[in-house]
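2 protein chains.
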Amino acid sequence: MTKKWVYLFSEGNRDMADLLGGKGAGLAEMTNAGLPVPPGFTCTTEACLAYFDEGKDFPEGMWDQVLDAMKQVEAETGKGFGDPENPLLVSVRSGARVSMPGMMDTVLNVGLNPETLVGMAELANNERFAYDSYRRLISMFGRIVKRLDGALFERRLDEYKAQTKGGRDTDLTVDMLKQICEDFKVIYRENLGEEFPDDVWEQLRQAIRAVFDSWFGPNATTYRRINKMSDDWGTGVNICTMVFGNMGEDSGTGVAFTRDPNTGEKKLYGEYLQNAQGEDVVAGIRTPIRIAELQRLNPEIYQQFAEVAQMLERHYRDMQDVEFTVERGKLWILQTRSGKRTARAAIKIAVDMANEGLITREEAVNRVEPDQVDVMLHPMFDLDAKREAQDRGDLIATGLNASPGAATGIAVFDSERAMVQAEAGEDVILVRPETSPDDVGGMLLSKGVLTQHGGATSHAAVVARGNNLPCVAGCESISVDEDEAQFTINSRVVKEGDTISIDGTTGEVFVGAIPTIDIDLAKEQELAMLLRWADEIRTLGVYCNADYPDDAERGREFGAEGIGLCRTEHMFFEPQVRADVVKMILAKTDEERAKVLDRILPVQRADFEGIFEAMDGLPVIIRLLDAPMHEFLPSREQLIEEVTRLRCVGEDPDELKEKAALLETVESMSEINPMMGLRSVRAAIIKSGITEMQVRAILEAGCRQAKKGVDVHAEIMIPLVSHVNELEHQYNVVKSVASEIIKKEGVEIDYKFGTMIETPRGALTANELAEYAEFFSFGTNDLTQMAFGYSRDDAEGKFLLQYVEQKILPVNPFQTLDQEGVGQLVSHAVEGGRATRPDIEVGICGEHGGDADSIDFFHRVGLHYVSCSPYRVPVARLAAAQAKLRNG
Amino acid sequence: MTKKWVYLFSEGNRDMADLLGGKGAGLAEMTNAGLPVPPGFTCTTEACLAYFDEGKDFPEGMWDQVLDAMKQVEAETGKGFGDPENPLLVSVRSGARVSMPGMMDTVLNVGLNPETLVGMAELANNERFAYDSYRRLISMFGRIVKRLDGALFERRLDEYKAQTKGGRDTDLTVDMLKQICEDFKVIYRENLGEEFPDDVWEQLRQAIRAVFDSWFGPNATTYRRINKMSDDWGTGVNICTMVFGNMGEDSGTGVAFTRDPNTGEKKLYGEYLQNAQGEDVVAGIRTPIRIAELQRLNPEIYQQFAEVAQMLERHYRDMQDVEFTVERGKLWILQTRSGKRTARAAIKIAVDMANEGLITREEAVNRVEPDQVDVMLHPMFDLDAKREAQDRGDLIATGLNASPGAATGIAVFDSERAMVQAEAGEDVILVRPETSPDDVGGMLLSKGVLTQHGGATSHAAVVARGNNLPCVAGCESISVDEDEAQFTINSRVVKEGDTISIDGTTGEVFVGAIPTIDIDLAKEQELAMLLRWADEIRTLGVYCNADYPDDAERGREFGAEGIGLCRTEHMFFEPQVRADVVKMILAKTDEERAKVLDRILPVQRADFEGIFEAMDGLPVIIRLLDAPMHEFLPSREQLIEEVTRLRCVGEDPDELKEKAALLETVESMSEINPMMGLRSVRAAIIKSGITEMQVRAILEAGCRQAKKGVDVHAEIMIPLVSHVNELEHQYNVVKSVASEIIKKEGVEIDYKFGTMIETPRGALTANELAEYAEFFSFGTNDLTQMAFGYSRDDAEGKFLLQYVEQKILPVNPFQTLDQEGVGQLVSHAVEGGRATRPDIEVGICGEHGGDADSIDFFHRVGLHYVSCSPYRVPVARLAAAQAKLRNG
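Residue numbers (my numbering), protein chains in the order written: chain B, 1 to 888; chain W, 889 to 1776.
Take these hints with a grain of salt, some might be off.
[As the list claims (entries may be wrong)] Straight-line C-alpha distance at most 27 Å; calculated DSS-like pairs for lysine-lysine:
| id | chain 1 | residue 1 | chain 2 | residue 2 |
| --- | --- | --- | --- | --- |
| 1 | B | 657 | W | 1695 |
| 2 | B | 588 | W | 1695 |
| 3 | B | 687 | W | 1116 |
| 4 | W | 1623 | B | 735 |
| 5 | B | 228 | W | 1623 |
| 6 | B | 807 | W | 1575 |
| 7 | B | 687 | W | 1575 |
[Stated by the list, open to error] Computed list of chain B residues with no C-beta within reach of chain W, every gap over 12 Å:
| id | residue |
| --- | --- |
| 8 | 126 |
| 9 | 380 |
| 10 | 433 |
| 11 | 888 |
Hints listed in this document are in silico derivations from the structure and should not be mistaken for laboratory results. We treat Cβ as the ideally placed atom computed from N, Cα and C, and that holds for glycine.
Produce the entire structure from the sequences given, and follow the hints as far as they go.
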């Protein structure tokens, strides 16, 4: 018995995509679901492979099976292939296992010849339509099957169009179309040395061959190589009855979503074009009507479609994007697939469907991409207004999409002026070559930030993301001139005060204003419901990174169950202590340092009091001072400039002396690779007193709040530890200060001692660190930097993005955790920590804490929580639930 | 039966140090070897612990055992404890498992009382000696046993001494000593409210208690804590017959080595003092004679000692440092231990002893510390001259001992001037704030290098070590002023041209000249023999790091079996291509870059030709360009200064414009953490053409040499790889260029493709890298930097040395590999590499390749070779042999 090479649509289902191709399996599924699909059948992918094995010959028995299947189709449609009275026309389409859009070939209207043509014209009572179909067949056949240059036909068609008034396809007269068909046959003959085949079976045979051949066409081959798809899959060929929407007023064609893809509302959404084929809609020849109007125009068809749409949703259990044709009052479904939708719609549809009982809550949670939640939380440009701006040429540059959201405001080139302007009520976009901690004040009052240098994890980007501030970073094509307070791009100059708009979601920079659309989270009931469902599912905790009481409150609103990272750097930048911090760094003796630390203490304590209050009942993990010391000092480069200038002018010897001395100090503290220099625990050990002061501030704040009835859970975290002895040293300091304060204050508060795991060596020796650490928090940013040997400040601007582009790296490892390399360190450390201390608390507070793929890994590796910026908390809640559903 | 708490010396041996303490076990060993040791016994460490367990009471049976043992000693000596006729005196000394020098207590002359005193005086025919011994007993007993302040006795003694002419101990008359004894007893009674005990058994009991008690004395407790010794060890107590060298002309005391500890020559070496006790030698009251003179003075005793010395060497199979006393013509050995010796002596003694058949060659190889070989290879200051310089106050500062060896010359503060001076025949010490690749020319012509900043792995240190150039780095106490060409320390100014001397072995900096002693390696036959033996034993290969043909030749002379690291950076700094290198970096297009690379090619090729020739028949591993790009550009800081000055002066707008443009470029390329920025394989991928040029130079050079009959084994190594795709990319480039050249040149040469493993991620994914790499070379410097998160340029100056001092780190991980952390990465990578490619070649080319402890690890982990600077090759050969002997 020969193999079964051909399946009627009624013989397949959606699980047979490997054999029938995706499209074939889909048509089969719809057919069996009782949907009105034009009858047809599929030649299998195996047939395709066998065809190539046979040296491009149909495998044994295949053509006979095609003939059998055609008989079935003729029976079902009551039409005859090549029958002049009631001709059957078919389309011949490719369909691989996975869609390869535009890569492979299709031939329509197969079955037309001078005889059936006449039958068609009569049947349709439309000679024009028949000749139009015929000329399409000839050119498509010539192009696809015979590899003729399509331009040969196009040029001829254009010549005829040029003779009409309107110049459009529809302006061609029937006579012209007749002539065009004749002309096309001549072109065909002259270029190929053979006649266009009148034999409809010959047409069919050649069309099938052509589709098979297209599997190894240059486009398809390249596409597969890039997308790592196998040549051994083969393509199916779908032969399907042609239906025509252009058979009169009771015909038409349309595309519709079963729900509104913008809002998610449960109503049909789409377009319908009367008396037209699908190509006509694409060509934009006439304006289609909205699907809702179809109800008025043709209530019967509307009703038919509405019912089918509901069937489709029930069958596929998702919102569908449906292509359909109405041929003389009869509805045909040509294609259906899950519809693309906005973030908002995705959420509403998922929640609604669960509430309707169509899907489970778990499925609803799985239906929304975590990043769609993120998009929901940020203002966007009005899409139409943005498109107009683009059309006007206002899009002047594109940088890194460093922090999502859109913003419009006046460009200001200095942090302090930005603060002044913002306080005066202006919307400000802070534009800087790059930002430093000194700019934070200005950033926080701005609507958005634009920097010339720095990557997606540059200072600007991190601060912006942490504060939900739109940011375009590393926009290297602009040239910022601080002194002139302007930036230039090509010859265009944007001066301070000029209005610009930035889109941190896309990285685009515009001149002029573009209106934005904000979202009020409190009103987003579906989102809230979805996240509640996610919370019920997930086992991974979600904390937030928060440095200020405000952040802490916001994080809590967004569902954070604790603070995973409270950085204390900002406390050293606060204006009332800034001068003392410099003195602290420059102190020559422990005593001198102790004196200034005493003045810094109350400021820190007050900050901690606010945070503990905001997080009443929840854990607060506080990282002790982490920044390199020189960050608190004036810039070396600027001092060189000043000293040189003063020396040159020679007018103010006292100032020169002072600046020169300061420069010398700054130079003695400057480091070649500050990221790996004197900072964090190293500074704490070398410069005694800092840890003592910070622990004192934390514990005193905790005790004071505890006395007021606040439920305080402080966790003190030592950064950048790479050797257990560093941790032991700090453990002794912390324990001694803490017990002194608890004794003095007379109130017992719950506090833990722990460490960041952010150096490879820390991860490798985590078993030892766990002797002192009651908790670990992975600093995956630094861990990624050191594992790869990438300085994030430099890499993203200098090579990392090119690496991703050139596919040297699959993703930016600062955005999505490198599970293969850095992940080994994480899982090794988790195991090591647990070996020593089985109940050790493990979490992650790097940027990866808000990234869905990374969260999946953290769930699998068994962390207790992820911590991310407040605005990423909802994203993380959803991603954590999906991780649980995916991995159990 | 009660436990055995007491062991006669004849009952123990040297393996019983845990039970008897080190000293007790040593005395027992000597006794059983038939050496003339004064009879005695040991109370065990278990007795000590039991004593504390009993609340400071002797455990049951111990005192009885002491009494029994004393009977044995009395029998052996023919003396009686407390016997006025022939009194036995004993010393009571502590002795823990491990020596704790000066930490614990000793009581001498136990057994003297008014009656035995008289007997002693008569026996010795020396009243003075008897009373002198008695006053020593009283004061020592008061101080040690009763914890009286020793100053009470010292002051009284000083009063008497003040009454004499000479003012020394020996000037005291017998009457004075008698009076002193009486006075001491009064002090004792008045301060303690009890009489000094006349009962000799009471003296003994209390002395033993006192030694036990000293185990938990504050000094001993602190010492143990610092040295991580256990409190649970306890101390033994050794009760030993006193012998007296001060019993007349036929008595004396001495210390001697069985061979010359300076040269290793086989002859007794030491000092002897007639009619004196050991303390007198220490006190320096009289000048002892050299041991050789004893032969003349008392041939009989000399002969006795010479025989015993030989016995000791045979017994202990090592050169011994012996303390002995002659009491009335009878030789007593009080202590023997392996003698300390110079590097030279260590080598000669080991080789001689093996040749004498006293030890095996393996033992000889084990007897020499690898670092002793290193010391041998470097010039040293003449020790006397150095001491004189210190006494004169010429030692002005101490920095890091960055590269061993001593040098004297004139201070020069600029690399180019250093070259000029050196070429004019001056000995130059280059003094710089820190060095950069620009300084290499000047460094190589100098006799030594002194830098203010930078650690033991700073540029200066690495280059200096690689070129056997004495270097003191990170000498932060001096302040170098380049403009003034001088440095200051405190108020002292050293100007260009002043003579200074530096000792890179110790880190010392002197003003003025100090003569140095050089060593001619060719004449060091014992060293050569030792190294040949080492080569027979070791299985680990030893390669050298060599960038120039000269280095390669030197490495080969020192025994290197290949070049493990040929850095190509210097080829980009060579004067004839320097300008092109800058153009290469600034090139805006691949074409522009290709053009300048073509001009660099021949220079590199010529270099490689020389190296291949020098290493005929041996492998040469060449690392492609590794340095950060900006290292080839002018300094940013300097440009800021120049631009500011030009702007200020306003005279030369053209120069200003040019410099400002250059500054802008430099700034656009500057990196915050260049160590982790655009360099190495990253630059090779981003800036195409560089790898192509280098591979072309290597292969063309290889082919040309091969045609001349040179046996070329080139290995091309990609640096800083952290992802397999980087390696794949470079693999394709290398293979394609190489096969083109091999085809063109028409000669087949042996070349391999491999990678550095120097990022943690590279190590973690070594299994993947081995898909392309035929060899791995560990860059343990960078691996250490990234595992710890230490920038070596910054860490050593800023905190690392303090870390080592404070014992946060056990050693400097840049000198000795951190086996616990970084070692995990190394062994993981070796396993991963072998899993993929079982015959992969693995080696190490970081600085650790010349460090003995690290070499032991590399042997254990199964590397094929270590590579180090040429001058460390002998060290590595020895260390590799020792590793084999240690681990098999």
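Hints, verified against the model:
Straight-line distance between C-alpha atoms of residue 657(B) and residue 1695(W) comes to about 40 Å, which puts the hinted pair past the 27 Å bound. The straight-line distance between the Cα atoms of residue 588(B) and residue 1695(W) is roughly 22 Å, inside the 27 Å bound, and the hint therefore holds. For the given pair, residue 687(B) sits about 26 Å from residue 1116(W) by alpha-carbon distance, which is consistent with the 27 Å threshold. At roughly 60 Å between alpha-carbon atoms, residue 1623(W) and residue 735(B) are farther apart than 27 Å, so this suggested pair is violated.
Between the alpha carbons of residue 228(B) and residue 1623(W) the distance comes to roughly 24 Å, so the proposed pair stays at or under 27 Å and holds. Distance hint between residue 807(B) and residue 1575(W) is fulfilled; the C-alpha atoms sit about 16 Å from each other, no more than 27 Å. A hinted pair counts as satisfied when its Cα atoms are at most 27 Å apart, and residue 687(B) with residue 1575(W) does not qualify at roughly 43 Å. Distance to chain W confirms residue 126(B) as a non-interface residue, since its nearest Cβ pair spans about 59 Å, more than 12 Å.
Listed as a non-interface residue, residue 380(B) keeps its Cβ farther than 12 Å from every Cβ of chain W; the least gap is roughly 33 Å. Its beta-carbon lying about 9 Å from the closest one in chain W, residue 433(B) breaks the requirement of being farther than 12 Å from that chain. At roughly 27 Å from the closest C-beta of chain W, the C-beta of residue 888(B) stays outside 12 Å, upholding its exclusion from the interface.
Hint check: violations occur at hints 1, 4, 7 and 10; the rest are consistent with the structure.
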